[in-house]
Amino acid sequence: MSRERLAELLDAAVKLELATIPPYLCALYSLQPEHNREASLVLRSVVVEEMLHMVLAANVLNAIGGRPSVAGPENAPRFPHELPDGVVLDLLPFSPRALDAFLCVENPQYRAASSADPSAGTPTQPPTSRSGPHPSVALNVTAGPTTIGAFYDEIIDLLEAVTRDVGEAALFCGDPGRQITGELYYAGGGAPVVVTDLVSATVALREVIDQGEGEISSPYDADGDLAHYYRFEQLKHDRAYLRSDRMGTPTGPPVGVDFAAVYPMIPNPRPADLADPELIAAAERADRLWSRVLLQIDAAFDGSPATLVDAVQTMFRLRDAMLVLLANPLPGSTGLHAGPTFDWAPPEPSAATGTRARP
Amino acid sequence: MIFPSGVNRRIDHRTASQTVYDAVVVGAGISGAIIAKELGRAGRRVLVLEAGAGEDHSLASYERYLERFYATADKDNQSPYPPNPNAQIPRTTDTHRMSPGQPDSSAYLVRNGPFASDTTYTRVLGGTTMHWEGKTPRMLPSDFRLHSVHGVGRDWPLSYDDLQPYYARAEREIGVSGDVEQQSFLGARFEPGYVFPMQELPLSYLDRTVARGIDGTTVDLDGTPIELRVRAFPQGRNGIPNPAYDHGRGYVPVGAVSTTQIEEGERCQGNNNCVPLCPVQAKYNAGKTLAAAVESERVHILTQTVASRVLIDSVTGHVSGIEVKAYDDPHTPRYTTWTMRGEIYVLAANAIENPRLMLASGLSTTSGLVGRNLMDHAYLLNWALLPTIAGTYRGTNCTGGIADLRDGGFRRRQAAFAVDIHNDGWTWAVGSPGRDLRHMVDDENLFGRDLRAALADRLPRQLLLACMIEVPPDESNRVTVDPGYTDPMGNLRPVLSFTVPEYTMRGAAYARQLSRQIFQRLGAADHTRYEPSDPAYVSYEDQGYVIRGGNHLAGTHLMGTAPQNSVVDDTQRCWDHDNLYLVGGGSMPTIGTSNVTLTIAAMCFRTAKRIVRALTARAATPA
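As given, the protein sequences belong to chains E and Y, one line each in that order.
Here the working numbering is used: the first sequence runs in plain steps of one and ends on residue 367.
Here the working numbering is used: the second sequence runs in plain steps of one and ends on residue 634.
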């Protein structure tokens, strides 16, 4: 029972980390060239870190003989997407509202409070979607609303309990060949932890939590750099933190946030919003590429780790496809631009790389 | 990789001039950076003088280079770097057709002819590694014994085996991606069990298309059949780290250099503008080594500080100081003059600026060879249109090529060469893809859907073979100075005299013939045209060629076995001045068919070790 529960929670963790990626990508690619450099750096570094978190959770799940699933209509995240802490992830262009949501995502102690609570992180927002948010799998498998920190704590506690119960070797029975290793994870910094036992599993999950918690307890990391949460705050206030500042009120020089130098993407784009056949085709292309990314990650998590490298190539193509949408205004709207729907769409079988015949 | 904010203001000129450093280093490119890093780690105090504009090596300054590159219409290999009249950067666009007997002094580099090379180098923090392409082949063992083996050029006072451990050290510093088995040919050998820090970057689809056509082809050269194949080049850019590196300890790629750690840097993603600047800092630049150097508080950097004279103690013959001109504004020739002092002096300003500074200081040496034997690789470009789409314009500038003609008995008669397959199409040859677009619009009257189709049809079929041809040392190819040619601050400008040697042109003629053969095998239509109006047009045996420079500058203070035959000894120490080291490509007696940076880096690691030993010995001996 407990082992099944662990697998269920870890699979939910993989999907939770995955769901944070499209909102960050929308904000990142909505930035017009040569503006908002600081915002672009913060968003890029955070989205890469979320990808690492997903890999870490998948490594733990694989180590206990599980099977992380991220492809298919039943596994791909849908937007707006509600996390177990009550944060609703919308697909938004870079905006004050998107920043408020990111600040909640980056705070593992955050929990949506009742409107009576004056310390609530986000002011009440009008709904951005015409239907309610899609619940995260993590929301379904937890007993009730919980912080992301508590969600991971439960997993670590359970790993320890099951290890005591059945023994470490019996729990960590996964094929080591299914682990995503440092060679494959595509970033200059940060590396996945290969999970083979309780210690490495705990290290992996602690990294997921600590990249949040550490940042909340101290604004500066070991290198003396401002942590992501506080960098988002700098963007929110368009002010740099000075060493002497109280947290929450940066008083330094502007960091160069320009909300006007952003493609004004329609919130949570739906195919029906796009209105134009060319835009609809571009959105379908983006959906197919996103689905292809998910299929490749899914294969990488299911015994073919090297497929992750192919997924990176597809991510570049997804970026280009997203930019086509974001740079184009919606016909008949009052200045809103198109955007990706991040819907599941089975990739065309013939859309393989670079081998298409010359017209 | 952190470059601490404000490092360039660790010290001011006045305080620096009142300090006696262990070493004063002129130039903050890869050579100066390696010397500074190694000496700093050995606990030594180092002052690095950089002529170029002075900003921290921050992400913001890097991004400004990028934005400048993106915005400029003329994307030559210096386009990201702003003009700086006080430390001028030669550009390929400076080159003009020469009139016989008339020096061209219209740009910083004065061309004395007869050949007008399009030589460039970059005068900023990080030096020319900011714009380099990043190929890192080692020299072949026979390249070090060119005269003994083939009766041509000179021998090195060093063997491949002497340099081999330092090659490994340089490959770690630069972060080389490559495969030992692929690189073990023509006598190249590696320490048993050695692997490169990172796995080989994969061949591009274009490389593989060419390989399908020519792998296994045999050419007969000098009576010896030589089999050709496409193989990957080792590269100074981040790929997949090799877990077997360093006896299983692995390798951690060095990411972006920044004053903050918000940007980690990325692995190579094939942006195809390695030259003039990698947008994601996957390509090594010497800023990475500088950032490591300034981890030592004892390493100081002064930018906007142009070395103008090397001062010699007339009694001992030792260098007693470096006179510098420090400017505040690149566009105003207003400066202050200071003298910087150290126990040891290292000129690391490149194979043109090093001899320029020596000669401007009135320093000749016993051999009289300072400034002579200027070398660079001669590039012959060949371009053709393939019959089917080959994915050109994807991948780094160059991933693979043909290296089988880098050595052989034929070198008695003609130059060796390597062939680069260019993933950036005809860019280097004719300025594609902009030129193709203009041609299709202006000459073919294409627009709309037809224009898009024509671009998609033709650009990915472009094939450019760049033959990198050996140039042997020749004393008449040289850098001099002339009081008639000065820059705005009164520093003497370099004057270049160059003739492409016949030995090289014989190699070029063969390379042209081989390229045509390769095009035939691939069914590709040859579009190569060498225009007589091109400044770099060279006639040889009734045929015309255009020879481009590779900016692999070398030879101008070459190393040898005695003061009579060379400027420096095998540790790059100047024979005539005990505490002076001239480091970099200038020390190389021959360049073979290897891009020079890796060899320069290896030599500098070896020299740094020698300098640390010399400083220790000095401290032990009372003056």
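Since the hints were derived computationally from the structure, they do not count as laboratory data.
Be careful, since some hints might not be right.
Pairwise CB distance ranges, derived in the manner of DEER restraints [stated by the list, open to error]:
1) E:251 <-> Y:26: 37 to 43 Å
2) Y:345 <-> E:244: 41 to 47 Å
3) Y:501 <-> E:251: 42 to 48 Å
The structure presented is a predicted model; accordingly, all values stated were derived computationally and were not measured.
We put the CB at the ideal spot given by N, CA and C, even for glycine.
To see whether the hints hold, each was checked on the structure:
1. At about 26 Å, the CB distance of residue 251 of chain E to residue 26 of chain Y disagrees with the hint of 37 to 43 Å.
2. Between residue 345 of chain Y and residue 244 of chain E the CB atoms are about 44 Å apart, so this pair conforms to the stated range of 41 to 47 Å.
3. The beta-carbon spacing between residue 501 of chain Y and residue 251 of chain E, approximately 44 Å, falls within the hinted interval of 42 to 48 Å.
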